[in-house]
Every structure is written in C-alpha cells, then in structure tokens.
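Asker: Just so you know, the sequences run in chain order A and B. Counting along the first sequence from 1, when you hit position 265 you're at 265 in the working numbering, and nothing is skipped either side. Counting along the second sequence from 1, when you hit position 193 you're at 193 in the working numbering, and nothing is skipped either side.
Because the hints were derived from the structure by calculation, they are not lab data. Hints should not be assumed to be uniformly reliable.
Pairs count within a copy or across copies, as identical chains cannot be separated in the list.
To be verified - In silico BS3-like cross-links for lysine-lysine, where the CA-CA straight-line distance does not exceed 30 Å:
1. Lys55 <-> Lys27
2. Lys302 <-> Lys191
3. Lys110 <-> Lys127
4. Lys20 <-> Lys55
5. Lys359 <-> Lys127
6. Lys191 <-> Lys359
7. Lys188 <-> Lys302
8. Lys55 <-> Lys320
9. Lys55 <-> Lys127
10. Lys110 <-> Lys55
11. Lys221 <-> Lys326
12. Lys110 <-> Lys302
13. Lys55 <-> Lys312
14. Lys221 <-> Lys367
15. Lys326 <-> Lys27
16. Lys302 <-> Lys249
17. Lys312 <-> Lys367
18. Lys191 <-> Lys221
19. Lys367 <-> Lys188
Single-letter residue listing:
2 protein chains.
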Amino acid sequence: MARIVMKFGGTSVGDCDRIKNVARRVKAEVERGNEVAVVVSAMSGVTNQLVDYCKQISPLYDPREYDAVVSTGEQVTIGLLAIALQELGLDARSWCGWQLPVRTDGAHGKARIESIDTTGMLAAMNKGQIAVMAGFQGLGPDSRISTLGRGGSDTSAVALAAALHADRCDIYTDVDGIYTTDPRIVAKARKLDKITYEEMLELASLGAKVLQTRSVEMAMKHRVRVQVLSSFVDMPGTLVCDEDEIVEKELVSGIAYSRDEAKITLVKVADRPGVAAAIFGPLADNNVNVDMIVQNVSEDGKSTDLTFTVGKADLDRAIKVLEDRKTELAYERLVPDSDVVKVSVIGMGMRSHAGVAQKMFQTLAEKGINILVISTSEIKVSVLIAEDYTELALRALHSAYGLDVQ
Amino acid sequence: MARIVMKFGGTSVGDCDRIKNVARRVKAEVERGNEVAVVVSAMSGVTNQLVDYCKQISPLYDPREYDAVVSTGEQVTIGLLAIALQELGLDARSWCGWQLPVRTDGAHGKARIESIDTTGMLAAMNKGQIAVMAGFQGLGPDSRISTLGRGGSDTSAVALAAALHADRCDIYTDVDGIYTTDPRIVAKARKLDKITYEEMLELASLGAKVLQTRSVEMAMKHRVRVQVLSSFVDMPGTLVCDEDEIVEKELVSGIAYSRDEAKITLVKVADRPGVAAAIFGPLADNNVNVDMIVQNVSEDGKSTDLTFTVGKADLDRAIKVLEDRKTELAYERLVPDSDVVKVSVIGMGMRSHAGVAQKMFQTLAEKGINILVISTSEIKVSVLIAEDYTELALRALHSAYGLDVQ
Chain A
1 MARIVMKFGG TSVGDCDRIK NVARRVKAEV ERGNEVAVVV SAMSGVTNQL VDYCKQISPL
61 YDPREYDAVV STGEQVTIGL LAIALQELGL DARSWCGWQL PVRTDGAHGK ARIESIDTTG
121 MLAAMNKGQI AVMAGFQGLG PDSRISTLGR GGSDTSAVAL AAALHADRCD IYTDVDGIYT
181 TDPRIVAKAR KLDKITYEEM LELASLGAKV LQTRSVEMAM KHRVRVQVLS SFVDMPGTLV
241 CDEDEIVEKE LVSGIAYSRD EAKITLVKVA DRPGVAAAIF GPLADNNVNV DMIVQNVSED
301 GKSTDLTFTV GKADLDRAIK VLEDRKTELA YERLVPDSDV VKVSVIGMGM RSHAGVAQKM
361 FQTLAEKGIN ILVISTSEIK VSVLIAEDYT ELALRALHSA YGLDVQ
Chain B
1 MARIVMKFGG TSVGDCDRIK NVARRVKAEV ERGNEVAVVV SAMSGVTNQL VDYCKQISPL
61 YDPREYDAVV STGEQVTIGL LAIALQELGL DARSWCGWQL PVRTDGAHGK ARIESIDTTG
121 MLAAMNKGQI AVMAGFQGLG PDSRISTLGR GGSDTSAVAL AAALHADRCD IYTDVDGIYT
181 TDPRIVAKAR KLDKITYEEM LELASLGAKV LQTRSVEMAM KHRVRVQVLS SFVDMPGTLV
241 CDEDEIVEKE LVSGIAYSRD EAKITLVKVA DRPGVAAAIF GPLADNNVNV DMIVQNVSED
301 GKSTDLTFTV GKADLDRAIK VLEDRKTELA YERLVPDSDV VKVSVIGMGM RSHAGVAQKM
361 FQTLAEKGIN ILVISTSEIK VSVLIAEDYT ELALRALHSA YGLDVQ
C-alpha cells in the first residue's frame, strides 16, 4: 500500500460533472490499494470572480479580508468532492486549511506554508477515510485565513505530501506531463518519463507553466516525488524526482523559452568602479528584477556598453529609473528592445560533460541566428535572441541535442 | 453611546453597489456615536446556487459537507463588507462563525446556537473596530462548520445582540416594518411602531414572513429589543420589544392569515375513549403536524364528526395514514379540503378584555362568511374559513378592530 496525495486544479473541478469525474479517479486509486489524500483548487473562474468583487469594492483592499473572500472557492470544492466520493460509497471528509491547521506566515495574499499539523487528518485516514483538503489556504499567526498566492494549490499539495510522508504527490492538470520543449512549437517534442527537481525548477521558472516554482522548491527540499499527469486521460505522466532515481540520464533534458524579457543597452557608460552598483541599485529599489547582464570590453578604457534584461512588464519603469539618473550615470544613450526571447538548454548532464554550450552556439550560428546575450548556470545555458527566431531556434536545438521523437 | 447590532439580508447585500450602500448605513450609525456589530447574509442567489451544486452531486448529501459548502456565501459577504467599511475610512474586520466561535449543537444543516464567545470581538470593538460577523453559521461540537437552516441569519443577529448585551438589534430587510395586516391585501394597513415579542411570534408563525420564528423566540428569551426596518429607505421601522415598553396598548395589534393549511373531516368516528389518540398518534409518528382540532357533540352517543387541520404539504401523507387505518378507526368517510385559509386576530389586549372573539365572529357573520373551525390562545383567536373569502375577511376585521389608517 502506498500513500498518495492527488491534486486537481480548477479546470479538473470546473463543474459538478467534472467533480464527479475526479471522484471516480480517486476511487480508482483507492481500489489499487492506496491510501489517498486529495487537494483541490477552486472551480475554474470562481477565484477570478471573487478577486473581481474585492477590486470592485476597493482597489486597495485589505489582504486579510481578500483572503477571507477568495479562500471560499476551495472550500466549496472540498465539500462537493467529499459528497461525490460518499456518493460512490467511499468514506471521505473535507478539511479547510484552518481545520488541520495548515500554518502559514502572516503575509496575507501571498503567504508561505510553515507547517501542517496532520494529527487529525492522519487519525481519520488510518480509519480508511479519504481526506479532501482545500489548496491555496492556511491559517496565519493572527488566527485568520491566509492564502498562498495564485497557483498555490500545487504548493499545498506538495506540502501535505511532505507532512504525510506520502510516497508520491500526483498533480493532475490539463497537460499530460513535462515535455522536452513546447509541443505547440516543436511537433517532435517528447514527453519525459522523469526529470530532476533541479531541471524542473529551471523549466518552471523559464515559462513552462505546469508547476508553480515554489511547489518544486518545496518538493526538492523535502524530497517529495511529484508526478505531473492529465486529469482527462488515463496514462502515466512525468515524475519529478531525485537525480538518483533516474538511471538513464540525458545530457540535455529540455529546451525552454521565455518571451517575458526585454533588453536594455546603455551605450557608452563610464567604465569605472561603482558604475554597476549605481545602475542596478536603483533598479532593485524600484522592484525591477534584472536577469542576464553582459558588459562589453572597453575600447577606449573610459567607456563601455552595458546590456541587461528585465521583465517585459517592468521595462517602462526601468527606463524611467535610468533616464532619471542619466547625468549621474553619464551614458550616451539608452536602447531598449522588447522583441527578444530567452532560449535555454537545461540538463543535469552538462555538469559533467563539456561542449553543451558550444553545440548551442554552433547550432544557432548554422541557422544564422545572432546571440545578443549569454548567461549560464551549472545546469543550463541561456541565450537571448530576436523573437522572430524563436520557433526556428527551438526546433534546431531540439534536433541537435537528440531530443526529437524517433 | 448605544451598542447596536445591524443585520442585513441577502437582498440588501445583493451586489457590490448594495454592499457599499450597507457600508454607508453602518457609517451613519457609527457617526451617531454608536458602537456597531454587523451581521450579514449571503448575496442573494448565492446560497441557492450552492445548495443546487450539492444536490447535483448527490440528492442525499452529507449535511456536514453541505454546511462547509453553503457557509461560504456569508464568508464572502463579510470580507467584502469589511473592505467597503475600510474604504470609507472605518476600522473593521470580518468574523467567521468558527472564529469567535459561535457554538451550535451538532444538527448540521439546521443547527441551534448554544453560546457565542464574544471575548475577541469585544476586545476589538473596545478599540473602535466594527465587527462584521457571518450570519447563518457556527461551529459544531465536532469542530466542523454548522449552519442554522434557511433564514438563520436573523437568529445569528439576535443571538449576537444577546451575547454582546446590545441595546438593540436592527434587522434591515426589504419591507419597512411590521404591519397590522398584509398591505398588499388591505390598503389601509398601518405600520406598527411597536409590537410585543408574543404578538410578533404569533405573526411570524402565522405567515408574516418578516422575521424567522426562532429569532423572535430568542429575542423574547434574552429580552433583546429588535427593530425591523428597510435597508433602502431611511426611516424608523417597527420595534419588537417587551410589553412594558409599550405605553398605548392596542386591544388588537394585527390580523394574520395563512394559506398553508388544509382541513380533514372524519365523518362518524366512533365516540369512545382513546379514539383521538388512535388518530393523532400515527399522524405525529409520520411527521404530520396537526394544528386546529374540533370535535362535534355526539348525536347518537356512539359516533361523532372530527375536524382538524394539517399543513397543506402534509395533506396527502395524512390521508394515506388515516386510510391505512380506516378499519381500526371505524370512521364512515374522510373529507379533505385544501381550499381554506386560517385568519387570526392577535393582541395582548385580549387577555384583559372580553369580547374580542365575539366581535370577530359577528363581523364575519355580517359578511356571510361561514366559520369552519375555531381555535384560541391567550393572545389570539383563529378561524378557518373558505379561501375565497380571505380578502373580504381581512378587510372587514381590520376595520372592525379600528386598525385602518385614518
């Protein structure tokens, strides 16, 4: 017997028929002899409606009251799913965050889970009862309802799996797993059987919006095995797990891309100590996150060109911050460019194998794609290129690293 | 400074604009120098939608899960109203039933309030914070959410007023007070300034559906002064209070009617001891409530006619129970009649004044209205008449007791 946490998102519980369908999937898992706890989101559309109500009343709503309002979406789903499970002859009960409780910090609207007291739930599960827990919510130190921020139900599920020492946390969603790259762009994209936490983290933060980044961090920290699979088709998905569990390691596991970045070049910035701090300090103070940075070699020993990327949504704010300091920073001109894409090659294998970056540069060069900025980490190489080349680059790299479906 | 509990029903908080309107009414009360706690229902339509979801999943839903689902309606409203009050510059916070807690018995779906712990709420109110409490909900002995049954928010408000030792509980609704009779039928109906708990109880249970019966019982028990007034127009309503507070007592306060009754006559029932028990025992066992009962004088010393009323919804069940026992009860035939109405004259004054019943019988006789059944209590006289005469009877009685607007 294994202990499994099953998590279903808003689309999977979008109406009463879909909730009944989820109940059948849970029943099938129970009939395989497994002990099951379920975590659910609000029915799709409900949270948006509730958020909209808060904004209608006041754009500057109190996040504690916002939490009281929006947390009701999940509370409805857990009650309905418990009823649906009972209708199938199973023993089940719903659990609100405050009923366990799921303790969080006090950051209402974007709280972090600190601990989960599973005493009551485990006692009920030991008697054969299926636990149905509301995702996205907990109890703050002020004894008021807190929510984890959008997409937080994944994190709730992983945290519950950790607290219950579950054998696996199955995240049911509207895709059937993690792919080597975006299958809407690369037809030969392949579903991965397994992927490491580290690779998944890079993929998640690079725009493959299947799992919330924080849930992957939590899974990695507590070594929770997470499976991503479809709630609509009945087949295995992708297991996110420890490196040790993956026997056949690929050099490169996937190619990610993000259109959410914009590039800024400061032409002829003074080349002297303290300039980088004078530029990036004010940006950070204004909540502009800077990702990739490249500084050209100075030609005249006095000035240089500095290029970096910021989130597309932050571009206007970044430009204003820099223009306000033009005299102080003494650059000649500022060149923004939002028609760019960041393409990343990700793989644990590149820690021990040289040549991964070289193959990327070469492949892009063969296709005539100019690289604007490069950044690397232990398990990934990212390049910034013109957005028009996104599809071409993805397909070429996917083939070059031998990822295409045979 | 007075301490006031204000209660707003579903229509009053039906959308975001109406919630803002409620916030303005609360602000006005605070600006009069009063300390305020607010109790609200779910936005109109929301509870029905949630109940419908439960029924869609399973007609035989678990009432504990039903409570988890339907209690979310009030939770949304308290959060939104707290935000609206803050938007007006007031300090306010929402309170779910479990947060005080409002302790109830374990009858999920129709729980009764047992006690309210106001420690936390009072501490916050003493600092000038407006408390916004969810009506209709509490915490059962199983530490799960309970609900009080439909219309329970009135009871929540009165119970909170009792627990807070409030000076008054104002129930805002879509009518502007309690009338001497139904103004849709009698154009000369008059709004009462004051009415006693006892009279209001008779009115409430006789079909004047302004206040939930249980809330009036609770108000009477704890001597909570309740005002019924409109949430849409700004004028005093009707105060439900102790008899001592009413200086000018009317002989008769109001005329109520109920179309929810049906009459059954058993012709030629054996006239011997134990027959009444043999008839009404099985009806009670089958959850049929019997209201008025009249037994004719026996003519032959052997048999008699027995007439009584039951709820219209219970009529078919009552007939089946009696027909199943026809041999045992030995009646000649059963005559049902659902085209009847119960008209009641209500007034504290009739305890000390004779002639109230006589005036009723005489007035109806003058209009040629036949009385089918009569029943009386200390403060009311009820008659059953043919339904067609409802309006005629109400207008005639309203004039006869001098209740008409001058």
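Asker: For each hint, tell me whether it holds in the structure or not.
Answerer: Outcome of the hint check:
no.: 1; hint: Lys55 <-> Lys27; in the structure: between (39 Å within a copy, 21 Å between copies)
no.: 2; hint: Lys302 <-> Lys191; in the structure: neither (51 Å within a copy, 90 Å between copies)
no.: 3; hint: Lys110 <-> Lys127; in the structure: between (34 Å within a copy, 28 Å between copies)
no.: 4; hint: Lys20 <-> Lys55; in the structure: between (32 Å within a copy, 12 Å between copies)
no.: 5; hint: Lys359 <-> Lys127; in the structure: neither (57 Å within a copy, 68 Å between copies)
no.: 6; hint: Lys191 <-> Lys359; in the structure: within (23 Å within a copy, 88 Å between copies)
no.: 7; hint: Lys188 <-> Lys302; in the structure: neither (50 Å within a copy, 96 Å between copies)
no.: 8; hint: Lys55 <-> Lys320; in the structure: within (28 Å within a copy, 56 Å between copies)
no.: 9; hint: Lys55 <-> Lys127; in the structure: between (44 Å within a copy, 27 Å between copies)
no.: 10; hint: Lys110 <-> Lys55; in the structure: within (17 Å within a copy, 34 Å between copies)
no.: 11; hint: Lys221 <-> Lys326; in the structure: neither (43 Å within a copy, 76 Å between copies)
no.: 12; hint: Lys110 <-> Lys302; in the structure: neither (46 Å within a copy, 81 Å between copies)
no.: 13; hint: Lys55 <-> Lys312; in the structure: within (24 Å within a copy, 47 Å between copies)
no.: 14; hint: Lys221 <-> Lys367; in the structure: neither (40 Å within a copy, 86 Å between copies)
no.: 15; hint: Lys326 <-> Lys27; in the structure: neither (64 Å within a copy, 50 Å between copies)
no.: 16; hint: Lys302 <-> Lys249; in the structure: neither (48 Å within a copy, 99 Å between copies)
no.: 17; hint: Lys312 <-> Lys367; in the structure: within (26 Å within a copy, 83 Å between copies)
no.: 18; hint: Lys191 <-> Lys221; in the structure: within (25 Å within a copy, 68 Å between copies)
no.: 19; hint: Lys367 <-> Lys188; in the structure: within (19 Å within a copy, 91 Å between copies)
In summary, the numbered hints that this structure violates are 2, 5, 7, 11, 12, 14, 15 and 16.
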